[in-house]
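Student: Build out the structure end to end from the sequences listed, making use of the hints.
Residue numbers (our numbering), protein chains in the order written: chain C, 1340 to 1729; chain B, 56 to 507.
To be clear, the hints were calculated from the coordinates, so they are not data collected in a lab.
Here the structure is a predicted model, which is why all the values come from computation and not from measurement.
Among the clues, some could well be false.
Which residues of chain C face chain B? A partial, calculated answer using Cβ under 7 Å [claimed, not checked]:
1. Phe1455
2. Asp1459
3. Ser1514
4. Ser1532
5. Val1534
6. Leu1540
7. Phe1541
8. Ser1678
Every residue, glycine too, gets a C-beta built ideally from N, C-alpha and C.
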Amino acid sequence: MTLSRRAFVSRSLALGCSAAASPFLTPVTFASAPGDARLVVIVLRGAMDGLDVVRPYGDVALKAHRPTLATQPFEDLDGFFGLHEALSPLMPLWKSGDLAFAHAVSTPYRNKRSHFDGQDFLENGGSASSGDLTAGRDGWLNRALQSVPGAHAKTAFAVGREKLMLLSGEAEISSWSPDGALDLSPQAELLLSKVYERDPLFHKAAMQAMELSDLTEGSGMSARRAGRAEALAGFAGDRLSEDARIAAFSLTGWDTHANQAGSLPRALGELNVAIETLKARLGNAWENTLIMGVTEFGRTVRENGSRGTDHGTGGAALFAGGAVNGGRVFGEWPGLGASDLYQDRDLMPTRDVRAYAAWAMAGMFGLSPSEIEARVFPGLDMGKDPGLLA
Amino acid sequence: MSVPETLLAIRYGFGTRPNEARITDPNVMLRQLRQTDPAERRFPIASLKSRAALLETRRKARSDKKDGKSGAETAEKRAAARLRQQGLADIRATFQRAMTSKSGFRERLVAFWADHFSVAANGPVLSALVPDAIERAVRGNIAGRFPDMLQAVTFHPAMLIYLNQVQSVGPNSRAGKRRDRGLNENLAREIFELHTLGVGGGYTQTDVRQFAELLTGLSADKSGFKFRPGIVEPGTKTVLGKSYGAKSPSLDPIRAALGDIALHPDTARHLSRKLITHFVGIAPPDDWVETMARAYLQSGGDLMALYGALLGDKKALSLPLNKVKLPFEFMVSALRAADIPATALDDISVRDVRSKLLEPLTAMGQPLFRPNGPDGWAEAPEAWITPATLAARLRWVGGLVDEVLQDTDPRKFLDATLGDVASEFLTFAVAGSESRPEGAALVLVSPEFNRR
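Tutor: Encoded structure:
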């Protein structure tokens, strides 16, 4: 017995040869669609350094805190903030009012500065009482989806191989990775569906895999590292230009503990590609689109001993798309003076990043503030409308 | 109490192999950990010295190339190719050991602790170093004491590079003042959060800072671990309420602190919870955790005592199969079920290692040696069975069946593979399949085979 004669991975699973009709190939139609607004949430895993990306060069204290990072080139935004050079391809969007940021934002997660707990909080949204996660450990975007009128299983897409807590929960969603096409005979589908019937986890994944294989077949997309952001955003953009209204995926590479001037541009480059790809694939739907880039927390105000930054608190969020009231940096600036910092090390958060997400859900999908404060972000005080949407 | 005859192999090993004796007594499984394993000698992992030599050759070729020396470009390509070969040899040996070891439990424990101390093999340097960290620091202490494993991993160049310790400089040290460099608290934080106390453990930001100061001096050079007295932050440091320090820079206070943290009750509970979660897949019950933590602490951090207390609870030995096999576990157990000898991997080409082992693992969500971050691979079953990753499992099984399971009787295959763990329903479906390969494929894609 040898493994080497033929490449066994490249084969499709060709079980059986009966041509019996498969229930999974029936075209599906939807009675109602939930409006025209499109929302894309990009989770920036690893803690993006908001102070480097949207750099408060107008704050006199910045240079002392960041002797090397603050001297890197940038594009002026508004006379106080500058945009990291690696995001300069997005300047046309800033000028046309399709790009905005919120600064000095954070979730209520504090102190331990753990990526994993911070990301869980960001995606879960937190519970009202304990300052911890909600009991169901579901995602706020899924809870929001439950209130979107006319939403169905194809309204929201989690894109990529990972399971996104952000979109998991009671509302049916779809998930798919652009490199996961599957070629099954109808009979094989039938048999598989039976074997999986008693195990809901396997059953659900298999049913979606079979159905969604059709969507990517022949498109030749590959999610290799170089094209990962493009593949994720491209798949999301294609779905959103059809029936889908909400999509989420994540980009990594933000944990810049060392040599940040070298490592951050790579992550920002992927973010550029993601936004530009979304814009291209969305076509006219771009006008009704909001892309929200959020991260678990910010990074230390002071540069560390290895030209990088460590885990912090306050950070920045990005908003792009035709639906954005752009060309501005939202938020109240806390300052970088010694007494302004949180625990003498981090940017002091002046607004809960969830408030921006909450007002976006209200404006785009018609959710009422009371509904949002009760169910989507339990216990959140949404405060005043920041005017994020155009 | 009777233990299902295939359960120990499925839950604590890499599944069954036809004609291999089945172990139903957990004590036998524990005893095997103390015995030597022929598979380790048969499929060796290259030494740190030879890995360091490969990296040094590459470094030198690159610097020659910068200086415009003739022939440097070819030398650099050759060095890069040899590093790639080393990487593929590491992957192959990892598969081969898991496929043949008489003690599947040891192989699974090595994977567990390697994951506990995750170093993502990003880039050529870490790719070359990670397999040595697993071999020497983790496997070398697999049936020993946790404090020893913690110290060995913490001092390993792979960890020191991955979590930025090599860039951390005591701000008040000689070098810190001269070069205006400072602390990097990444390793200190992750030791607390991931390797010992757990994120819920009783430590503060101040402890992280003090511990980071204490760890200054740990570094690496081209031949391996190196202690650099010139970057040690002077003075005593207080970590978790205890002060550490020495008159002159030395490793002793670092060793002492690591030893104390390893034997902290929060560490005992954190490790116990992780073992239960990983192997049994239930929310860890408090009484079980306490029993394990006590066994661990009373024995001074003896891992054998900890494993014994894990296997001593009846929930450890009973159904249902709560967990989903990680892609590596899934592939190895399928290769074992198909009775493919490890020697079949001896002479497969570089291209086949990639296309048959590495790429499928990646498509299933587990690029070997390269988890997303220092917290390692996810434990939740939901993380591993998504439409895309399940599709990748199906595709790979399709190929395996095409290649090697065309003529297998699926009923015998099911019995030899899953035994009494197979549901009646699966037995019925397999017996009723239209063709032999179809039946064999059904076994390998079934929830029972994909769970443990």
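Student: All hints are to be evaluated individually against the structure, with a verdict given for each.
Tutor: How the hints compare with the structure:
For Phe1455(C), the interface hint holds, since its Cβ comes within 7 Å of a Cβ in chain B; the closest pair sits about 5 Å apart. Because the smallest distance between the Cβ of Asp1459(C) and any Cβ of chain B comes to about 10 Å, over 7 Å, the interface hint for this residue is violated. Satisfaction of the interface hint for Ser1514(C) is found here, the shortest Cβ-Cβ separation to chain B being roughly 6 Å, below the 7 Å cut-off. Against a cut-off of 7 Å between C-beta atoms, the interface hint on Ser1532(C) is violated, since the closest Cβ of chain B lies about 11 Å away.
Hint on Val1534(C) holds. Least Cβ distance to chain B is approximately 5 Å, under the 7 Å limit. Given hint, Leu1540(C) at the interface with chain B, holds; its Cβ is 5 Å from that chain's nearest Cβ, closer than 7 Å. For the restraint placing Phe1541(C) at the interface with chain B, the shortest Cβ-Cβ distance is roughly 5 Å, inside the 7 Å limit, so the hint holds. Checking Ser1678(C) against chain B by beta carbon gives a least distance of about 18 Å; that is not within 7 Å, so the hint is violated.
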